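S.K.: Chain by chain, the residues:
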Amino acid sequence: MKPVYVAASQQAGDRSRPPFSRLTLIRILVTLTVGLGINYIFWRWMFTLNWGQWWISIPLVVAESYSLIDVFLFGMTMWMSVIRPAPPAAPAGRTVDIFIATYDEPYELVMRTARAARDVTYPHSTWILDDGARAGMAKIAAHLGVGYLARGSEWVNRPRHAKAGNINNALMHTDGEFVLILDADQIPRPQILDDTLGYFVDERIALCQTPQVFSNVAPGDPLGSRADLFYGPIQQGKDGWNAAYFCGSNAILRREALLQLGIADYVKSVESNLGSALVGAQEAVKAFRLHYKTRDPRVAQALREVGKALAAARRHLAVGRLPLAEITFDLHHRIDLAGQLIVADDFAAINDVIGQLHQLPDDQDAAPPNRYDPSAYLAESAIRVFSSRQLSPLVALESVHAALRLVEIDRPDEAQPVMPLATISVTEDMATSMRLHGLGWRSIYHNTLLADGLAPEDAGTMLTQRLRWGQGTMQVFFRENPLSQRGMTFAQRLMYFATMWSYLSGFAAVVYFSAPIIFLMFGILPVAVSGWEFCARFLPFMVVNQLLFLFAARGIPTWRSQRFSLALFPVWIRACTSALESVLFRTPLNFAVTPKTRQESAGPQWHLIRPQIAVAVALVIAMAVGLVHLFAGGADPVLTWLNLGWAVYNLVVLGVLIGAMTFTGYEPPSPERIQ
Amino acid sequence: MNLRAQNEFNDTGLANDMKLVTEGITDGVVLIRVGGRLDLVTAPELSRLISATLERHQVCIVLDLKGVSFIDSSGLRSLIAGLKAARMAGGDLRLAAPTAAVALVLKNSTLDRILRSYATAESAFPAKVGKLPSNGRGLRAPHHSDAGSAQQTERGSLTWP
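Each protein sequence line maps, in turn, to chains P and E.
Under the working numbering, residues 1 to 675 are what the first sequence spells out, in order.
Under the working numbering, residues 1 to 161 are what the second sequence spells out, in order.
Just so you know, the hints here were simulated from the structure itself, not pulled from any lab data.
Everything numeric in this text was worked out from a predicted model, so none of it was measured.
Cβ coordinates follow ideal geometry from the N, Cα and C atoms, glycine included.
Take these hints with a grain of salt, some might be off.
Short derived list, chain P residues pointing at chain E, Cβ under 10 angstroms [what the hints assert, rightly or not]: (1) Ala150; (2) Leu258; (3) Gln260; (4) Gly262; (5) Tyr266; (6) Lys268; (7) Val319; (8) Glu326; (9) Ile424; (10) Leu439; (11) Leu627; (12) Val628; (13) Ala632.
For lysine to aspartate or glutamate, the following DMTMM-like pairs were computed, each having C-alpha atoms within a straight-line distance of at most 25 angstroms [as the list claims (entries may be wrong)]: (14) Lys66(E) / Glu256(P); (15) Lys107(E) / Glu305(P); (16) Lys268(P) / Glu154(P).
Could you put the whole structure together from the sequences, leaning on the hints where they help?
M.R.: Encoded structure:
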């Protein structure tokens, strides 16, 4: 790094604090929240469990503990929520590619984004990444004077990896030093690169994420599209811990960092493919050896040598001290030596073999399904050679050579060996930035609006989108749990973990909805304690917690998003269960591309929120029953009123869905109203 | 894409300072001395030289990296591409004498799990391994060059990935 960079990077790393009083106030509130929260939950676990009704008592205290950890993680995020100073000016002469990822969005939408991307002021190249490979889109790109990229034939019969695959493909066909990634519905502002490239003068910076804000949100935000708390204090807090993460669009990435990820991922997969290929080869050689044992001892001896060489290679691979190239080179060498035992001076056999060899590549290409699994491929090719008895054992050895060669340097199971963007999840963005942080790269959250997005305009689309986010996040949680990732600081791991933890809220919500229903209907109390004592422990915590929320949000309205996060509990539960299923059984999730246009339909689709409607009905019935108990049956008034209040709160929370379901789409304000 | 401009920015005005020198050291082994920057701009040149060498049936190649001041992931990819092409041709590609900077990049990218670096160009192909059994070589060469060209057309070109 040159001296000028060092100076600049120090400048970029330096943060201006927000007004002293507010950060201090937030930290005091965080401390109080944690203290009072621990006081409350400790008391709950130790002194209040109603063991007679453990089936509701335990779930409730577990749900409360879950929420408390969620609050603690939020507090930790807010502890470092600071506002960055403006970056240095963008250096001249850097090369940038702007990628617009599209699959099936309407032409007009992509055109609008592409035109805006083309007109970004900093010199760059613009590319439409058309995963739909539509001829019309190629024409539009030519018309606009921007580049057009679709997947090549190498992707046929191989995993496509959705948007991550689309971008990985484009990375291999472009060469800009930086990449700005845009969804088709995110219209960039002209200064987007001028305002952000300055950060990258610090050569440790790999990523700069900017907000995703929607320009088509109706007054009152009926679908809860606004994520101002996330694209604001939360990302700023993560940024404070150097854990601001990539959110898929409106982000600038350093190509070198992405390629480094891709190479590390390539090395890992070559290692594991070679491992399974060696297993397959051993099985194949064993089968040959049994076949030749009685027929030709010389051949059996050679095959024994090959078996030993394979075992040695596996051993070296497991120990991990020798480089793979050396292990495989020695292995091929030893297989050749063993082959010499057979060949000796049988020239007729050699000519025969050369003739037969030319048949092999065709055979291999004829069995594409097995290229995904090197060991299955080897076993199958072994069986094929074995069954055609007229083939010489040399050909059998040659098939081992060939099969090893397929996996020892290359990566036949993927369209391209280097996959820079992580493909372990349908939300490739989070997984990718976690790996970048793991390699020691730094990220930036730049909290200035630099692109105008379009949010879903109907409840069905909104629900699909939320489900996908949840699924993707939980896939990362199960596949590469941040807590066990080496290379990141503990704080960085917790920041990623915080996001994943919040997606478990669906299970807690079920308990929170059920508890008041169970009390009001049956008089069963999950807490063995008087109402007053409960209030004395719980209310102080709740008050500080809400104050923390209020100050941390800096005036951003959060009530609506709090309600959405509880009311969408079936979506979160499905996200968790389907992600776990996909990881356990290695089945792909059906990647749902969020429709970017309004889904026309006749009236509200109430069937989408059946569980929530059932809960609401149950709450109303329970409240009625509770009132009867209170006035006729002599139920505890304090406890009954507390639970009635809780039930009303739950109904208000669920009420947020009424607005979402009956929303009929965004009507842009007329020009007069704007003025 | 303005490559020239980028390179000038990276490297104080020297547009392309990679040096490539080919020489034979022992029979069958070709030494390529690489000097300067091995990056986005210069890596394709190295890939071209490697494939030209392989086409002359000189399949055992040592890359002497003593003079390499900088390597990026494009450079690393040209090394893997070269290794793959050499193996497909029935030979091998080995690295020798990397500078500390290059060794660090190899380590950070974990590519040192695949490629070994030898201390000197002369030690890269010890005589006992360098001279491969002529029978095995003679048998395998035609088959693998076939497989190699099939792979190349499938992937587009030798400039893998």
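S.K.: If you check each hint against the structure, which ones fail?
M.R.: 1, 7, 9, 11, 12, 13 and 15
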